[in-house]
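All chains should be built: construct the whole structure from the sequences, respecting the hints.
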Amino acid sequence: MMTPIWLGTSWKMNKPLSQAMAWCETLAARMPEGCHPAIQPFVIPPSPRSNPSAIFCKRISLPLLTGAQNMHEADQGAWTGEISAAMLAETGATLVELGHSERRAAFNESDAAINRKVHSALGHGLRPLICIGDSAEEKRWQVSRESVVRQMKIALYGLSHQQALRTLIGV
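Letter by letter, the sequence shown follows residues 169 to 339 of this note's numbering.
Do not take every clue at face value.
Think about it this way: if two alpha-carbon atoms lie no more than 30 Å apart in a straight line, the pair counts; the simulated BS3-like pairs of lysine-lysine are [stated by the list, open to error]:
no., residue 1, residue 2
1, Lys-226, Lys-183
2, Lys-180, Lys-321
3, Lys-180, Lys-226
4, Lys-307, Lys-321
5, Lys-307, Lys-180
Treat the hints as calculated values from the structure; they're not laboratory data.
Here is the structure:
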């Protein structure tokens with residue numbers, strides 16, 4: 169069996185619901201026969217768009233997986249404004265983007281926090297898409313390789329072989 173190429177996009181904090189649905193319709197029209205079996209398309213809309221997008225894609229038979237842009241590591245609790253892996257799984261999301269450079273910088277997300285989120289996502293049947301990369305400062309000091317290797321090692325720490333196979337790495 170061929171390993172699929174995952175091809176997708178994160179909408180960040182863009183696309184009102186009407187534009188999200190129009191985007192899905194346009195994609196469906198351009199893929200009348202579906203997708204090449206070696207390609208797994210996905211989209212990661214803003215959280216309020218995740219469930220409607222998943223439902224809409226199923227309704228129009230678009231073979232597009234939907235995901236979330238982040239999640240909290242805890243299953244529940246007093247975390248105002250956060251969403252858990254269990255809640256995401258209930259929305260129809262199949263993957264979750266973790267460790268994006270914007271979140272690492274703006275919210276001080278550590279590599280260890282990303283690791284805890286990865287474990288939580290896998291525990292609830294979600295496929296983690298771990299974002300790794302280097303900063304301008306790391307490039308300047310020529311430590312990009314070390315930074316990326318560190319991020320991957322910590323994010324994947326403690327995973328079984330099967331769990332690691334379910335994990336995607338985005339650069």
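Hint by hint, here is what the structure shows:
1. The straight-line distance between the Cα atoms of Lys-226 and Lys-183 is roughly 19 Å, inside the 30 Å bound, and the hint therefore holds.
2. Between Lys-180 and Lys-321 the alpha-carbon distance is near 26 Å, which keeps this suggested pair within the 30 Å criterion.
3. Between the alpha carbons of Lys-180 and Lys-226 the distance comes to roughly 22 Å, so the proposed pair stays at or under 30 Å and holds.
4. With a C-alpha separation of about 19 Å, the suggested pairing of Lys-307 with Lys-321 holds against the 30 Å cut-off.
5. With a C-alpha separation of about 25 Å, the suggested pair Lys-307 and Lys-180 falls inside the 30 Å cut-off, and the hint holds.
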